[in-house]
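Novice: As a plain string of letters, each chain reads:
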Amino acid sequence: MGKIIELKKVNKWFDKFQVLKDIDLEVASQEKIVICGPSGSGKSTLIRCINRLEEHQEGNIIVDGTELAENTKNIEKIRAEVGMVFQQFNLFPHLSILDNCTLAPIWVKKLPKKEAEEVAMRNLTRVQIDDQAFKFPGQLSGGQQQRAAIARALCMEPKIMLFDEPTSALDPEMIKEVLDVMVDLAKGGMTMIVVTHEMGFAKEVADYMIFMDEGKIVERAKTKEFFENPKSERTKLFLSQIL
Amino acid sequence: MNLIAKPSKKNIKTYLPVGVVLVTLSFLDVFINAFFSYNLLGFFPNQISYFSPLILGFIGFYLIRIEFSGVRSLDILNKNINSNNFNAFLTLLTVFIIIKSIPPLLNWFVLDANFLGNSKDDCTGDGACWVFIKVWFNRFMYGLYPDAEQWRINTAFLILFIIVGISFFVPSKLKKYFILFLVFIYPFLGIELISGGSFGLKYVETAAWGGLSLTFIISAFAILFCFPIGVFLALGRRSSLPAVRYVSIGFIELWRGVPLITVLFMSAVMFPMFLPDGTFIDKLIRVLIAITLFEAAYMAEVVRGGLQALPKGQYEAARSLGMGYWKMNLLIILPQALKLVIPGIANTLLALVKDTPLIFVVGLMELAGMIGLAKTNPKWLGMAMEGYVFAGLVFWVICYAMSRYSQNLEKKLSTER
Numbered sequence: 004m005g006k007i008i009e010l011k012k013v014n015k016w017f018d019k020f021q022v023l024k025d026i027d028l029e030v031a032s033q034e035k036i037v038i039c040g041p042s043g044s045g046k047s048t049l050i051r052c053i054n055r056l057e058e059h060q061e062g063n064i065i066v067d068g069t070e071l072a073e074n075t076k077n078i079e080k081i082r083a084e085v086g087m088v089f090q091q092f093n094l095f096p097h098l099s100i101l102d103n104c105t106l107a108p109i110w111v112k113k114l115p116k117k118e119a120e121e122v123a124m125r126n127l128t129r130v131q132i133d134d135q136a137f138k139f140p141g142q143l144s145g146g147q148q149q150r151a152a153i154a155r156a157l158c159m160e161p162k163i164m165l166f167d168e169p170t171s172a173l174d175p176e177m178i179k180e181v182l183d184v185m186v187d188l189a190k191g192g193m194t195m196i197v198v199t200h201e202m203g204f205a206k207e208v209a210d211y212m213i214f215m216d217e218g219k220i221v222e223r224a225k226t227k228e229f230f231e232n233p234k235s236e237r238t239k240l241f242l243s244q245i246l
Numbered sequence: 205m206n207l208i209a210k211p212s213k214k215n216i217k218t219y220l221p222v223g224v225v226l227v228t229l230s231f232l233d234v235f236i237n238a239f240f241s242y243n244l245l246g247f248f249p250n251q252i253s254y255f256s257p258l259i260l261g262f263i264g265f266y267l268i269r270i271e272f273s274g275v276r277s278l279d280i281l282n283k284n285i286n287s288n289n290f291n292a293f294l295t296l297l298t299v300f301i302i303i304k305s306i307p308p309l310l311n312w313f314v315l316d317a318n319f320l321g322n323s324k325d326d327c328t329g330d331g332a333c334w335v336f337i338k339v340w341f342n343r344f345m346y347g348l349y350p351d352a353e354q355w356r357i358n359t360a361f362l363i364l365f366i367i368v369g370i371s372f373f374v375p376s377k378l379k380k381y382f383i384l385f386l387v388f389i390y391p392f393l394g395i396e397l398i399s400g401g402s403f404g405l406k407y408v409e410t411a412a413w414g415g416l417s418l419t420f421i422i423s424a425f426a427i428l429f430c431f432p433i434g435v436f437l438a439l440g441r442r443s444s445l446p447a448v449r450y451v452s453i454g455f456i457e458l459w460r461g462v463p464l465i466t467v468l469f470m471s472a473v474m475f476p477m478f479l480p481d482g483t484f485i486d487k488l489i490r491v492l493i494a495i496t497l498f499e500a501a502y503m504a505e506v507v508r509g510g511l512q513a514l515p516k517g518q519y520e521a522a523r524s525l526g527m528g529y530w531k532m533n534l535l536i537i538l539p540q541a542l543k544l545v546i547p548g549i550a551n552t553l554l555a556l557v558k559d560t561p562l563i564f565v566v567g568l569m570e571l572a573g574m575i576g577l578a579k580t581n582p583k584w585l586g587m588a589m590e591g592y593v594f595a596g597l598v599f600w601v602i603c604y605a606m607s608r609y610s611q612n613l614e615k616k617l618s619t620e621r
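Top line first, the protein sequences correspond to chains A and B. Numbering-wise, the first sequence is residues 4 to 246 according to our numbering. Numbering-wise, the second sequence is residues 205 to 621 according to our numbering.
Honestly, the hints are just simulated from the structure, not real lab data. Do not rely on the hints blindly, as some may be mistaken.
[Said to hold, decoys possible] Computed footprint of chain A on chain B; a stretch qualifies when at least three of its residues, placed anywhere within it, have a C-beta under 8 Å from a C-beta of chain A:
# : segment
1 : 524–533
2 : 538–545
[Stated by the list, open to error] Below, simulated DSS-like cross-link-like pairs (lysine-lysine); rule was C-alpha separation at most 25 Å, straight line:
#  : chain 1 : residue 1 : chain 2 : residue 2
3  : A       : 138       : B       : 377
4  : B       : 377       : A       : 113
5  : A       : 138       : B       : 615
6  : A       : 116       : B       : 379
7  : A       : 113       : B       : 380
8  : A       : 112       : B       : 516
9  : B       : 380       : A       : 138
10 : A       : 80        : B       : 516
11 : B       : 377       : A       : 112
12 : B       : 379       : A       : 113
13 : A       : 19        : B       : 516
14 : A       : 116       : B       : 380
15 : B       : 543       : A       : 138
16 : B       : 531       : A       : 162
17 : A       : 138       : B       : 379
18 : A       : 112       : B       : 531
A virtual CB, placed ideally from N, CA and C, is assigned to each residue, including glycine.
Here chain A stands alone, though its shape is the one from the complex (with noise of 0.2 Å):
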């Protein structure tokens, strides 16, 4: 399998504060990686520098053979092939939620309006709210919110799905639903980096697990063995505090 996302001696600052020290990533098609660590610690950063949402100053970011740099024709075409799903699911509230899913397809992508909503149908379907397509973010519970964000990143049809805390929103009942779609997606072979705390969901489906402290990647190891045998002593700390 080859590398799909490729991050090379990644540094990035806000302002005065370096955020990310020396970031080497490299994750194969069809993998999925877990990042966890303490609040902070540069985690939801990286995932955003992977789309560009956040700038890195240093280092090279390789994304399906194309390096992110300043070349904005490049940024959206990445963009579009990686869907990202936010804490605050951040679904257009003016819009239905048919509409959310058939936007970016239809301008973005140029597909005919027809076909774009047999694709949203179909993705919500998979995420099993294609009953609530007319309604309007807002009449929506969070558990139904994420999962229509899901469906709607989804609908680009990308290559990489990155998840940022898509659980820490919800109310403890709707974050099984959310995880249901997540781990239903893992298993149709999706590349997917998540930043999460449910240990359980890392547990099912990471192949690898990542931790960060204080901007740096302290300890990344089979998820088996990061559970069972973490090297470093910061891991061990916060998995003792976490499960």
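Chain A is fixed; fit chain B onto it per the hints.
Specialist: For chain B alone, coordinates are given in the frame of chain A:
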């Protein structure tokens, strides 16, 4: 207050009737006093007689202020207009002022007013002289536009109303063609019809345009142009390109910092001096450009308020789906931002309509200007009151209609529960 028991459910049988009688008596007194100039409670000594309705009403309201009386309408009344002594006092005062002010207004507007006749001498009553409005009505509507050609203005507005009327009933698929026609084609057709000069229509110079029709023409064009310009300025002010940003800021702050009357004056008097010899831009067009740019600066700040109110996540979500700057703004950001600031937009546009009378400084006479002209006519001196009341009413109707429309739009576009 210990002399009488506090009003409660126990003594409701006695207190309620007495209270109602006192309140009714107080209102009745003011009413009869206002309409028939007869002092019902005149048998009281002088000062007390003057305040008697207030005192009686106050006591009455106190007596009927019974908590959990079990009478539904009484509870509602108490909760809304009689919740405490101060509230009861305000209620009484408000009602008295309303009752007191009806007769003089009624007299001036209708009962003592003069409707018949053709000249000032026919106005013999004490009230308004509506003859003035009647005689000058044509001028107030059309300004100095030649009588024989006024059908052209009527036709232009009639076509507009018909198209707008139809567009409310056509299916939403066709609606966008109506809107495109109204925004991009109709304005020029209408202006062609009114100004003439081709198709065998007699040319009517813009200096002759005036009255309410000019108010509408200027408002409509200014609204049409200032809105998109304002939106672009708002986007420009938030642009990441420094050149665009500073030009937008400079433009907005320059135009916002200058009084409209100055801008209008400069557009009419100073601007032509900068033009090369022989070039000529119509005064109306210059004024229109001035008003448009002036209001666009205000519009820009209103729209910017909406842009800033949107959460950052909306921008990020749009970008993460591969949308570029224009797609993001046109499809995601502006629809939401503009919806948020509908009240502010309506505010700016209402102000625009009410600013149009200022064009008198350059010699253009819309409705208020025409009235100002008519009241200085030697035959009609002293008609300022009637004229400006009329102008006020007309502007109020226009602005209230716009306000209602904006409220409807707000409701229609709301997607929250």
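Novice: Hint by hint, say whether it matches the structure.
Specialist: Now for the hints, and whether the structure bears them out:
1. Judged by the Cβ-Cβ criterion of 8 Å, the segment 524–533 of chain B is covered by chain A as claimed, because 6 of its residues qualify and three suffice.
2. Under the rule that three or more residues need a Cβ within less than 8 Å of chain A, the assignment of the segment 538–545 of chain B holds, with 3 such residues.
3. With a C-alpha separation of about 21 Å, the suggested pair residue 138 of chain A and residue 377 of chain B falls inside the 25 Å cut-off, and the hint holds.
4. The hinted pair formed by residue 377 of chain B and residue 113 of chain A meets the criterion: a straight-line CA distance of about 21 Å does not exceed 25 Å.
5. In summary, the hint linking residue 138 of chain A to residue 615 of chain B is supported, as the alpha carbons are separated by about 17 Å, within the 25 Å threshold.
6. At roughly 19 Å between alpha-carbon atoms, residue 116 of chain A and residue 379 of chain B fall within 25 Å of each other, so this suggested pair holds.
7. Among the hinted pairs, residue 113 of chain A with residue 380 of chain B is consistent with the structure: their alpha-carbon atoms are about 21 Å apart, no more than 25 Å.
8. Proximity of residue 112 of chain A to residue 516 of chain B is assessed by CA-CA distance (about 24 Å); at most 25 Å being required, the pair is judged to hold.
9. Using a Cα cut-off of 25 Å, the hinted pair residue 380 of chain B and residue 138 of chain A holds, with the two alpha carbons roughly 24 Å apart.
10. With a C-alpha separation of about 22 Å, the suggested pair residue 80 of chain A and residue 516 of chain B falls inside the 25 Å cut-off, and the hint holds.
11. Between residue 377 of chain B and residue 112 of chain A the alpha-carbon distance is near 24 Å, which keeps this suggested pair within the 25 Å criterion.
12. Pair hint residue 379 of chain B plus residue 113 of chain A holds up; C-alpha atoms about 24 Å apart against a cutoff of 25 Å.
13. Our distance criterion of 25 Å between C-alpha atoms is met by residue 19 of chain A and residue 516 of chain B, whose separation comes to about 23 Å.
14. A distance of roughly 18 Å separates the Cα atoms of residue 116 of chain A and residue 380 of chain B; the hinted pair therefore holds under the 25 Å criterion.
15. A C-alpha spacing of about 19 Å is found between residue 543 of chain B and residue 138 of chain A, which places the hinted pair at or below 25 Å, so the restraint holds.
16. Taking the CA atoms of residue 531 of chain B and residue 162 of chain A, the gap is near 22 Å; set against the 25 Å cutoff, the hint holds.
17. Distance restraint check for residue 138 of chain A and residue 379 of chain B: the Cα-Cα separation of roughly 23 Å lies within the 25 Å cut-off, and the hinted pair is therefore satisfied.
18. Taken as a hint, the residue 112 of chain A and residue 531 of chain B pair is honoured in the structure, with Cα atoms around 12 Å apart against an allowance of 25 Å.
Violated hints: none; the structure is consistent with every hint.
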